[in-house]
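As a plain string of letters, each chain reads:
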Amino acid sequence: MTLRCEPWARADKRADKESLFSPQVRAEIDQWIAKYPDEWKQSAVMAALRIVQDDNGGYLTEELMNKVADYLDMPPIAVYEVATFYSMYELSKVGTHKICVCTNVSCMICGSENIVDHLEKRLGIKLGQTTEDGKFTLKEVECLGACGGAPMFQIGRQYYENLTPELVDSILDSLEQDNGE
Amino acid sequence: MSEQQTITIEVDGKKLEAAPGQMLIEVTDAAGITVPRFCYHKKLSVAANCRMCLVEVENAPKPLPACATPVADGMKAWTCSPLARQAQKGTMEFLLINHPLDCPICDQGGECELQDVAMGFGEGVSRFSEGKRVVASHDIGPLIATDMTRCIHCTRCVRFGDEIAGIRELGATGRGEHMKIGVYVERSVSSELSGNVIDLCPVGALTSKPFRYRARAWELTQYDSVAAHDGVGSNIHVHVRNHQVMRVVPKDNEAVNETWISDRDRFSYQGLYTDDRLQKPMLRQDGQLREVEWQQALLEGAALLKSVDPARLGALVSPSATLEEMHLLQKLLRGLGSNNIDHRLRQTDFRGDAANPATPWLGQRFADLENNQAVLLVGSWLRKDQPLLNHRLRKSVLAGGQVMAINPLDYDFNYSLSNKLIGAPADMVGHLAAVAAALGADTAGVNANAEAAHQAIADALKAAGKGLVLLGSVAQMHPDYSLLRLLANNIAQAAHVDLGFVGEGANSTGGWLAGAVPKAGEGLSFAGMLEQGLDACVLLNVEPEFDTANPAAMAGLLNASKVLALTTHLSPWLLEYADLVLPVAATPETSGSFVNLQGDVQSFNGAARPAGEARPAWKVLRVLGNLADLEAFDHESSRDVLEEALQSIGEIKLDNSLSNAQAVTARLVSADLQRIGGVPLYSVDMLARRSGALQHTPDGWKAGLYVCADTASQLGLVEGSSAVLRQGDGELTLPLVVDDRVPGNCVWMPTGVPGSELLGEGFGTVSLEKA
Amino acid sequence: MANEVCLRTLHLDRSWLLSTYESEGGYEALRKILKEKISQEDIIETVKTSGLRGRGGAGFPTGLKWSFINRSAAGDKYIVCNSDEGEPGTFKDRDILRYNPHALVEGMIIAGYATGSTAGYNYIRGEFWEPYERFEAALQEAREAGLLGENILGSGFSFDIHAHLGAGAYVCGEETALLESIEGKKGQPRFKPPFPAMFGLYGRPTIINNTESLASIPDIIRQGGEWFRDIGVENSGGSKLFSISGNINNPGVFEIPMGTPFSELLEMAGGMKDGYNLKAVIPGGSSSPVLPAEVMMDLTMDYDAIAKAGSMLGSGAVIVIDDRQCMVKLLDRISYFYYEESCGQCTPCREGTGWMHRVIHRIEQGQGRQEDMDLLNDVTKRIMGRTICALGDAAAMPVAAFIKHFREEFQYHIDHKQCMVGGR
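Chains as they are written, first to last, in my numbering: chain Y, 225 to 405; chain D, 3 to 773; chain L, -14 to 409.
Some clues are possibly wrong.
As the list claims (entries may be wrong) - Under the rule of at most 25 Å between Cα atoms (straight-line distance), these lysine-lysine pairs were calculated in the PhoX-like manner:
1) Lys237(Y) x Lys422(D)
2) Lys264(L) x Lys64(D)
3) Lys241(Y) x Lys422(D)
4) Lys64(D) x Lys177(L)
As the list claims (entries may be wrong) - Pair by pair, the computed Cβ-Cβ distance ranges are:
5) Gly352(Y) x Ala21(D): 49 to 57 Å
6) Lys44(D) x Arg346(Y): 57 to 65 Å
7) Ser394(Y) x Ser57(L): 55 to 63 Å
8) Glu115(L) x Glu242(Y): 29 to 37 Å
9) Thr103(L) x Lys16(D): 42 to 50 Å
10) Leu360(L) x Asn61(D): 26 to 34 Å
11) Gly352(Y) x Asp370(D): 42 to 50 Å
12) Ser394(Y) x Glu115(L): 18 to 26 Å
13) Gly352(Y) x Arg367(D): 56 to 64 Å
14) Asp236(Y) x Gln716(D): 19 to 27 Å
15) Gln353(Y) x Ser4(L): 43 to 51 Å
16) Gly101(L) x Leu227(Y): 18 to 26 Å
17) Leu351(Y) x Leu103(D): 30 to 38 Å
Stated by the list, open to error - Selected chain Y positions facing chain D (in silico; Cβ < 8 Å):
18) Trp232
19) Ala233
20) Asp236
21) Ala251
22) Glu286
23) Pro299
24) Ile301
25) Ala302
26) Tyr304
27) Glu305
28) Phe309
Calculated directly from the structure, the hints in this document are not laboratory data. Idealized CB from N, CA, C, for every residue including glycine.
With the hints as extra help, turn the sequences into a complete structure.
What follows is the structure, given as C-alpha cells:
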C-alpha cells in the first residue's frame, strides 16, 4: 500500500479570488496561508472560517463556505465537513454575544447548573436559544480547560471564571450597556 | 525493505506467502479466507473505520483490523479465534443498533453486505432499546437513490469521489453519531463515474434510482456481457428478469475496466424500452411505412439489394455494431459487388484516406496509460468521451505525469491540465503545427509560430520517457482531420512518443478490422457516398439525423436513394426516408463481439429477449445474403460468423503509422463566428440518447446555443434570450446560454442532440442573431 | 519544591516576557546547544535520562519518541506541539501558554534541533484566545531576538514555529487527529501504523509532544537529565503540573515532584471546602478511572502508584469529588461528553458512546432497568481496544470504573428511581 498525504484536489480553481472577500479579510486569511507549505493552502481553512464567521457577525452561511472553498482551492464539501465538525463554527444566526457555558464535570461539581438556571431565567431563553432582541445566545459547551475557575463561561474571546449569579449579572449588565463588542 | 521478497505468515494455522507491505486482508483474500469487512475495498485507500475485520494477531494486545495491519515475516493471525469472533460480533452489534430493520422494503435486500455479514456475526435479538437514528436524505440526482438512515458510515463512497472520480462531491459532515454522508447542500452529483458508488455501498443507503423497486436481487438472472457505449468495452453483468434488462453492473476485468463502469454503460439500458422501439418489420407502401411479416420483408430487402447497380449501393454501419454484424454486412455488400461501406459516420475529412493507418487504435494498452509522463490531447474531452480511459490517465497525473490539451472548448477535467491551448476550431491546426515546429518537426505546410506554450508542450513530450499524442473524437470530426492527424503524427515521431486514436463507439477498431471501410481506391467512403449519392443505402443501427456528421447532406442522400434500415429504434428520419425497416436486437439482446481500443476481441452472449419481433442483426444479414443468392451465408451461430471474421482478419495487427501522408490545405478558415460541434457524452448512440436518467443528469445536453459572455455581448444577446443559428440552408432557434468555456467568436452547438438535425456539419462558419 | 520547571517564572511580574524568562535562565539551554554544537544524540540521550514521559496523558517516554524519527531523512520534518488541552479537568497547558510561553518556544526549538526538523506548529485549542496571543507574542519576541527563524543566533540552524488554532473538537487532542486538523480536514484520527515519526504532518516525519513535555525540555538540558529525573521517583522522572479542581479551597495548577502524596496535593489546594467531604477522585482527567477516597488518600501522584490502584495519572488532572455529588449524574455528564466528542469515524465509538450515554441517562432519570449495569459493562468491553484511537477507551473506562466502585448508587437509582445522595 502506498501512503498518500495530499491536499483535496480541485481541478476548477477560481481565478478572481480578489472578488471573494474584503481586503482586510483576505489579508488576515493570507497571513494564515503563509504559515503552511505552499501546496497546503487548505491548512488555513479553520482560520479562514473563523475570520469569515467573525466578519459576518458570528455565523457562517453556505455562500461564505463556498467562498472559502474557492479562496483556498478546496472542494466545497471539504469545507462543509470542517465547518460542521468543529463546534466553534455556527451554521445559523447567533446573538451578538454568544455565552458558552461549560457544564462539564468540574464545573458541574462546582455548581454550573445554578449558573445555567440563572442565565436561562435572566435571559428568558433555554440553552441553545437566542434572545428575541438578538443580543444573547446561550450555548452549552464542553470543558474549556479552566476547571480551576469553575464554574465558568466564555463570551467572545474572554473567559469568565469563578462565576456566581451576582457576577453573571454584572457581566451581562455591562454587555447590555455596551452595544456590540 | 528489499523488493520482490516473499515472506511467510500463518493465518488460522495455514502458511501463506505474502509480499512485504501487503495488508493482512489482501493476503487472506488471495487465499480465500473470509474476513468480514465493510469499509475495505481493494481499489480504495484503507480507512479502517468499520472495525469489522478485526482479527487476532500474535503478540498484539488487542484485535487488529486486517485491512490496516501490514504483514510481517512470521506473523501469526487468527481470523476466527474466540477473540477475533468476539471483536467481530461486537462491531456487528454496534453497526446494527442504529440500522433500520427495513430489509423487506430495501432495494439492497438480498445483496446487502450488512445483511450477509449479520447472518454470520449478528445476534438474533437486539439489546438496544433506545430510539434509532433517522437521517434525512438529499436528492443527489437521477441516478442514485439515497436512504441515508441505512448508512453505516464506511465512507467508501466518499473515498471513491476523492480517489477515483477525482471530484469530491459526497462528504461526511458533522461528527460522532450525527455524522452524515451526503452532499450537504442539495445538488446532483456530476461525476460521469458516479454510479459506481451504488456498487460500493455495502448497504441500501445508495441504490440505483432507475432500478428502484423494480425487482428483487434474487429474481434476477445474471449474464456476462460487454458494454457498448465507448471504446473501452467494459465488462458488465446484465441483470435480467422476464427476459428484460433490469440493470447493468460492472464485472471485474483488471485489464479493461478494473472494477468500474461509466454511468453511460450502466444506465443506457433504459433506452431499450422506449415507445419508438421497432417491434415489427415495416415496408413503405403507398408512401407509408406499414408493418409486414418477416418473410415478406426479407424478400423485399433481398430484391432491393439485387436490383440496384452495385456501384450505386452503399452501407453505413454504426461504429457500435458487433464485429459479426460488420463482417456480414461488408460480406453482403462486397458479395453484391459494392465496396461502398463505412463506419466513420461522424468524420467529415476523408482527404487522408490514402494514408490511413492499417488499424487505428489507442496506441497504448489501457494500463499503460497510467505510466505516461506527458500526454497531449488533441480535440478530446476524454473525461466525458471515454470516462475509464480518462481515469487511467488521471492516475498518470497523480503519479506526477502531465496531461495537456489543444481543444476548441475549455472542457473540464478531473485533474489539472498542465497546459492547454483553447481556441476556435480553425486555430487548432495552427496550434498543433506550432507544437510540431517547436519540436523541429514538419509542419505539413502550415505556417507555424511557436510561442512559449507550444514550446512547453513540445518540451514536455520530448522529455517524457513515455508519452502519447491522442487524437480525440472532436479531432476526428474536425473538417481538417487529415491535417490534424498528420501533424499529430509528426509530433509523436519527433518527440518519440506514441500516437493514439480514440475511435467512436464500441467497435471502431473492429470496423477497421472487419472491413467496414472502403478498401483504398475501391469504394466510396461515407463522404464519397454523400457527394456522389446512392441508389440504395443500407443502414445498420444508424439514426441518420443524429449519428452522422452532416445531417443536411445526410438528408439529401437518404432522400435520393432507397433506404434499407436494420435498426433497433424507429427514428423520425427513418420513418420519413426508409423504404424498409427491419427490427434488430440491441447489444444486450444479441450475441456478438467488440474489439476495444486496445485490440481485445471480447465476445458476449445475448442476455435479454429482443423487443417485439426483432431479430439479431447477424441473422438478418445472413438471410439477406442467402436470399440475394450469395455464397457462404450459412452460419449457424454468431460464433461461426466470428470465426469466419477472425479468419479473414488473420493476426490482429494494431498499427497507427501513416503511410505516405500528403499535406492538404486547411478547409476551416477563421470566420466571424464558427460553430463548435462534437457529441455530448449522453448523445453518442441511440440507447444513451433514450436513457431518461442520463439525460436528466448535469451531463445531459441542455438545449441551447452556447457562447461566451464577450461574444454574447458583441452579438447583443443575453442569457436565456431566443437566438437563431444559421448554417448553410439550415437554421435553428434556441435559447442562448452564456458559457465561458467557449472561446470567443464561436458557438457551441453539438451534433447528435435535438435540433442538430436542422443543421450541417459540426464545424464551420455560422451566423447567430436575435430570434 | 514547587514550580521549578514549566512554571519557573510564575512568581515574577509579567512572567511571560522574554526578559523575565531570560532572567530565570531562559534560552541558556538553546544558546549552549548552538554554541557548543551539542550533538542531536546527546540531547536525545539527556531527555531519555531525565525520565520525562509524555505529559499529555499517554506517558510515553519523550526521549524514546524523539529517537524514532529518521533525522537524516531528506525533506521537511516537523515538531508539533499539542496545546489542544480539552480533557475535562485539565487546565495546565493554558497556564504554560499564558505565564511561561517562552519555555515552550525554547523547548520546541531544541526539539527541532535534536530531531533535524524544519518547522514547528503549536496546535492551540480555538477557545484559548488569550493563551494564543501570549504565545504569538512570545514567538514575535523570539524572532526579533534572533532566537527563532533563519540562522538562529548565527549558528546556521534555522527553525520557525507557527501557531495553529483549533475550533472546538476534543478529539484533536489525539495526535493524529491533530495532524489531520492542521492539514485542513476534520479531526479524525489516523490508524497506526504508520506512526507520525514515519508519516506525520503532510506525510512527513513528525514528532508530536504535549505542551508541558516540550516546556520541560529547556530545564532538562540546562540542569541535566539526572537533575530532572531525581526530582521525581522511579519510572516517573521530574516534576509535573497537576490541575486540581472541585469543591476545594484553592483549586489551580501545582507543579510538584512526581511521587508527591495525593494528600499533600489536596492540602496545597487548600483542602476540602467547609461542609464537603472527599468521596472520590478522578486522578488523571475525565477518562481515567475514578478511585474512591480511601484508596486515593494512600496514593502518591506518579505513574506506577496510580496505575497499581487501577487508574491512570493521565494528564495530571485531579478532579475532586465530594460527598454531595451523585455519581450517576456525574457519569451521565461524562458519558455525554464522549458521546458529543466522538469523531464518528469508527463504529464502536460512534455507536457505542451514544448507546452508553442513553442507558446511563435513563438510569439517572429513574428509568433504569436491572440489566442495565451488566449491559453497560458489556458495551464498554466491546468498545475498549476496538477503536482507531484512544477516545473509545476514554469513553468506556469511566463507565466501567464508576459502576465498579459505586455500584450501589446506580443500583439505588434503578431500584428507587431516585438518587441516594439527595437532590432528586
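Checked hints:
1. Our distance criterion of 25 Å between C-alpha atoms is met by lysine 237(Y) and lysine 422(D), whose separation comes to about 14 Å.
2. Distance hint between lysine 264(L) and lysine 64(D) is unfulfilled; the C-alpha atoms sit about 34 Å from each other, more than 25 Å.
3. Among the hinted pairs, lysine 241(Y) with lysine 422(D) is consistent with the structure: their alpha-carbon atoms are about 21 Å apart, no more than 25 Å.
4. Restraint check for lysine 64(D) and lysine 177(L): the C-alpha separation of about 13 Å stays at or below 25 Å, so the hint holds.
5. Judged by the Cβ atoms, the range 49 to 57 Å given for glycine 352(Y) and alanine 21(D) holds: they are separated by roughly 54 Å.
6. At about 60 Å, the CB distance of lysine 44(D) to arginine 346(Y) agrees with the hint of 57 to 65 Å.
7. Checked against the hint of 55 to 63 Å, the pair serine 394(Y) and serine 57(L) passes, with Cβ atoms roughly 60 Å apart.
8. Separation of glutamate 115(L) from glutamate 242(Y) is about 33 Å and conforms to the stated range, judged on CB atoms against 29 to 37 Å.
9. Under the hint 42 to 50 Å, the C-beta atoms of threonine 103(L) and lysine 16(D), about 47 Å apart, fit the expected range.
10. Restraint check, leucine 360(L) to asparagine 61(D): a C-beta distance of roughly 32 Å satisfies the suggested window 26 to 34 Å.
11. Taking the beta carbon of each, glycine 352(Y) and aspartate 370(D) are about 58 Å apart, not inside 42 to 50 Å as hinted.
12. Between serine 394(Y) and glutamate 115(L) the C-beta distance comes to about 20 Å, which sits within the given range of 18 to 26 Å.
13. The hinted range of 56 to 64 Å is satisfied by glycine 352(Y) and arginine 367(D), whose Cβ atoms lie roughly 60 Å apart.
14. For the pair aspartate 236(Y) and glutamine 716(D), the beta carbons lie near 26 Å from each other, so the given range of 19 to 27 Å is met.
15. At about 48 Å, the beta-carbon gap between glutamine 353(Y) and serine 4(L) stays in the expected band of 43 to 51 Å.
16. About 21 Å separates the C-beta atoms of glycine 101(L) and leucine 227(Y), a value consistent with the hinted range of 18 to 26 Å.
17. Taking the beta carbon of each, leucine 351(Y) and leucine 103(D) are about 34 Å apart, inside 30 to 38 Å as hinted.
18. Checking tryptophan 232(Y) against chain D by beta carbon gives a least distance of about 6 Å; that is within 8 Å, so the hint holds.
19. Taken as an interface hint, alanine 233(Y) checks out: its beta carbon lies about 6 Å from the nearest beta carbon of chain D, inside 8 Å.
20. For the restraint placing aspartate 236(Y) at the interface with chain D, the shortest Cβ-Cβ distance is roughly 6 Å, inside the 8 Å limit, so the hint holds.
21. Here the hint on alanine 251(Y) is broken, as its CB sits about 27 Å from the closest CB of chain D, past 8 Å.
22. Among the interface hints, the one on glutamate 286(Y) holds; its C-beta lies about 6 Å from the nearest C-beta in chain D, closer than the 8 Å criterion.
23. Proximity of proline 299(Y) to chain D holds as hinted, the smallest CB-CB distance being about 4 Å (cut-off 8 Å).
24. This hint holds: isoleucine 301(Y) has a C-beta 4 Å from the nearest C-beta of chain D, less than the 8 Å allowed.
25. At a threshold of 8 Å, the smallest CB-CB gap from alanine 302(Y) to chain D is about 6 Å, leaving the interface hint in force.
26. Annotation: tyrosine 304(Y) was flagged as interfacial toward chain D, and the flag holds, the nearest CB pair being 4 Å apart, inside 8 Å.
27. At about 5 Å, the closest approach between the beta carbon of glutamate 305(Y) and any beta carbon in chain D falls short of 8 Å, and the interface hint on this residue holds.
28. For phenylalanine 309(Y), the suggested interface contact is upheld, since its CB lies about 5 Å from the closest CB of chain D, less than 8 Å.
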